[in-house]
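Chemist: Protein sequences appear in the order of chains X and F.
Using my numbering, read the first sequence as starting at 1 and increasing by one per residue.
Using my numbering, read the second sequence as starting at 1 and increasing by one per residue.
I should point out that these hints are in silico values taken from the structure, not numbers from a laboratory.
It should be emphasised that the depicted structure is a prediction, and the values quoted were computed from it without experimental measurement.
Backbone N, C-alpha and C fix where the C-beta goes; we use that ideal spot for every residue, glycine too.
Some hints here could point you the wrong way.
Covered by chain X, per the in silico footprint, the following chain F stretches (three or more residues, Cβ under 8 Å) [what the hints assert, rightly or not]:
1. 125 to 139
2. 211 to 222
3. 255 to 269
4. 295 to 308
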Amino acid sequence: MEQVIANGLYLGAQYALIALGLTLIFALMNVLNFAHGQMYVLGGFVTYAIYGQLGLPFPVALAASSITLAVVGALIEKFLFRPVVRRSEREESTMLLAAAVAFFLDAVILLAFGEKQRGVPKIVSGVFVSDGLIMPYDRMVVGIVALAMIAAFVLYMQYSKPGRAMRALAQDRVAAQLMGVKVDRYSMIGFALGALLAGAVGGLLVTITGVNSGIGGPISIKAFLMVMIGGAGVVGGAIAGGFILGMMESVGLTVLREYGDITYLVIFALLMVFLSIRPNGLMGKPWG
Amino acid sequence: MTKKATLAGAFLLVLLIVVPLAIGASGREDLYYTLTSVALLSIISAGVWITFYIGRINIGQGAYALMGGYVSAVLVTAYGVSFWLTLPLAGLFCAVASILIGLPILRLRGVYFAMVTLVLTEVVRLLALALPITNGAKGIVSIPQPGGISLFGITLLPDFATLTNPRLAFYIVSVLLMALCFAGLYRLKNSRIGQLCQSLQQNEELASSIGVNITYLRVLAYAISSFLGGVGGAMFAAISQSIYPSSFTVADSVNFMLNCFLGGLSYVFGPILGTFVLYFGWDVLFQTGEFQLLIFSSILIALMLLLPNGLLSLRFSSKAKGAGR
Numbered sequence: 001m002e003q004v005i006a007n008g009l010y011l012g013a014q015y016a017l018i019a020l021g022l023t024l025i026f027a028l029m030n031v032l033n034f035a036h037g038q039m040y041v042l043g044g045f046v047t048y049a050i051y052g053q054l055g056l057p058f059p060v061a062l063a064a065s066s067i068t069l070a071v072v073g074a075l076i077e078k079f080l081f082r083p084v085v086r087r088s089e090r091e092e093s094t095m096l097l098a099a100a101v102a103f104f105l106d107a108v109i110l111l112a113f114g115e116k117q118r119g120v121p122k123i124v125s126g127v128f129v130s131d132g133l134i135m136p137y138d139r140m141v142v143g144i145v146a147l148a149m150i151a152a153f154v155l156y157m158q159y160s161k162p163g164r165a166m167r168a169l170a171q172d173r174v175a176a177q178l179m180g181v182k183v184d185r186y187s188m189i190g191f192a193l194g195a196l197l198a199g200a201v202g203g204l205l206v207t208i209t210g211v212n213s214g215i216g217g218p219i220s221i222k223a224f225l226m227v228m229i230g231g232a233g234v235v236g237g238a239i240a241g242g243f244i245l246g247m248m249e250s251v252g253l254t255v256l257r258e259y260g261d262i263t264y265l266v267i268f269a270l271l272m273v274f275l276s277i278r279p280n281g282l283m284g285k286p287w288g
Numbered sequence: 001m002t003k004k005a006t007l008a009g010a011f012l013l014v015l016l017i018v019v020p021l022a023i024g025a026s027g028r029e030d031l032y033y034t035l036t037s038v039a040l041l042s043i044i045s046a047g048v049w050i051t052f053y054i055g056r057i058n059i060g061q062g063a064y065a066l067m068g069g070y071v072s073a074v075l076v077t078a079y080g081v082s083f084w085l086t087l088p089l090a091g092l093f094c095a096v097a098s099i100l101i102g103l104p105i106l107r108l109r110g111v112y113f114a115m116v117t118l119v120l121t122e123v124v125r126l127l128a129l130a131l132p133i134t135n136g137a138k139g140i141v142s143i144p145q146p147g148g149i150s151l152f153g154i155t156l157l158p159d160f161a162t163l164t165n166p167r168l169a170f171y172i173v174s175v176l177l178m179a180l181c182f183a184g185l186y187r188l189k190n191s192r193i194g195q196l197c198q199s200l201q202q203n204e205e206l207a208s209s210i211g212v213n214i215t216y217l218r219v220l221a222y223a224i225s226s227f228l229g230g231v232g233g234a235m236f237a238a239i240s241q242s243i244y245p246s247s248f249t250v251a252d253s254v255n256f257m258l259n260c261f262l263g264g265l266s267y268v269f270g271p272i273l274g275t276f277v278l279y280f281g282w283d284v285l286f287q288t289g290e291f292q293l294l295i296f297s298s299i300l301i302a303l304m305l306l307l308p309n310g311l312l313s314l315r316f317s318s319k320a321k322g323a324g325r
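Whenever a hint applies, use it, and build me the whole structure from the sequences.
Modeler: Below, the structure is given as structure tokens:
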């Protein structure tokens, strides 16, 4: 039992970080970032290249992943999303763009890193063993780093000036603009921050699960799930959604083991029922 | 109207007579398969287009295509039902399923609906993997070719297994289906229901307050959409004579949506054009080998930057602004 909860918490921390990035981009731009999973994969490969192949220390690699993705995110926002948002008649058009960006990143990752599954050496070796709990130390480190990043993100959004500006933007774009918030600038920062989070999680998780070029899509789907559970565009919702999904996955894998690989089927079915009762998730705002 | 009808008729004649002649002359038999796929994919995409028309972003069409394919395949292989009977049955099965699924999820809007439908594609794939009747990851293979139909002793359709060129037969059937589907769609769009659907796209609350039964309408539109998805999926299963859980995945669902976007969401025939361009573009780029996806996605991005409102907006852009569509 302790094992299940510990696994759930560990997974939840990762998931919450992924969902935070997605929900931030959604809140600021009204863009459903299909490429989020691909950004995660890219972050994983950057860490793989720097930590696994060049042999530099892990924190350097993690920082490199984050910075690369922040730059990529900022460029994508400035040169792709901003013009399309401005010119298209329907805001759904950004979804096509996001899907195209996902394909593009997939292609770039495939060309640059190949289709093989890649792993890196463990950052900390050894396993923590007690009565009911077995947990490798590297998982604990990754979980704690993830928790620390979530806390840092929440504090940043809550107390820093850019954080406050972004919250204002998410609440009401026009009103924020009237109050003198530089909308374009903070949209870009927000997108970069969202991408940074995806890259950071990718960098963290490559040390445990490894990375391959095909997992971008499934990661995006998981991120959508979490955002739906918690409610799109809400920071607290993303965190809650991440932990709930992590916990459900952990419990499901244990409880439903004898029925085969149906954990996600059950989660999806539950989600459908849940959404028919609460269409906007736990804390989401209604659409439109 | 008459001018449009002649134009559509001429287009159909070209597809049914000139294209087979041209293919026969050039000897590129493989083009039949490509064109058949375009016709079927555009039927499936037409379903997505309908949901766009009521203002919902549908990324779940792959779910219904897969469902339709499996219904037809199971009926043909396990129960020996004639394929031509399973085709409407597959569509109806999907329509009924979509009503049950749609009643709760159609209350969602915008991105929420989009995400749920995306998840739905994944649910159906997992279901196909888990259910005993679908034979898991191995899928259902060697589905027999469609048999013939005869009425009062007159052969309406020959048995496909006896044909020397079943590809041509599949091509003709698919084109006819496509013509039927889009004629119906055109009719639907310009009917009273079509007008009401447009009111949903613009403002559901307002429509509801005037007395439009929005629940009924959106479930109806979603059911029609899923029907088309099921029929298209069943046809695909028959042509490839096999169906797997991975036959229609999330990527396919996204592609159906892209087809509609690319053609332009305001135009009934947008899905045909979008599917044609995307599918052929992808095929042509095959020669570039490993750069295929890179070039393809770059072109997509460029298209979005240059024509954010779809390909067909090129021709109609001057007219469209005044018409309000």
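Chemist: If a hint holds in the structure, say so; if it doesn't, say that too.
Modeler: We went through each hint and held it up to the structure:
no., hint, result
1, 125 to 139, "holds (count 4)"
2, 211 to 222, "violated (count 0)"
3, 255 to 269, "holds (count 5)"
4, 295 to 308, "holds (count 8)"
Consistency with the previously given hints fails for number 2 only.
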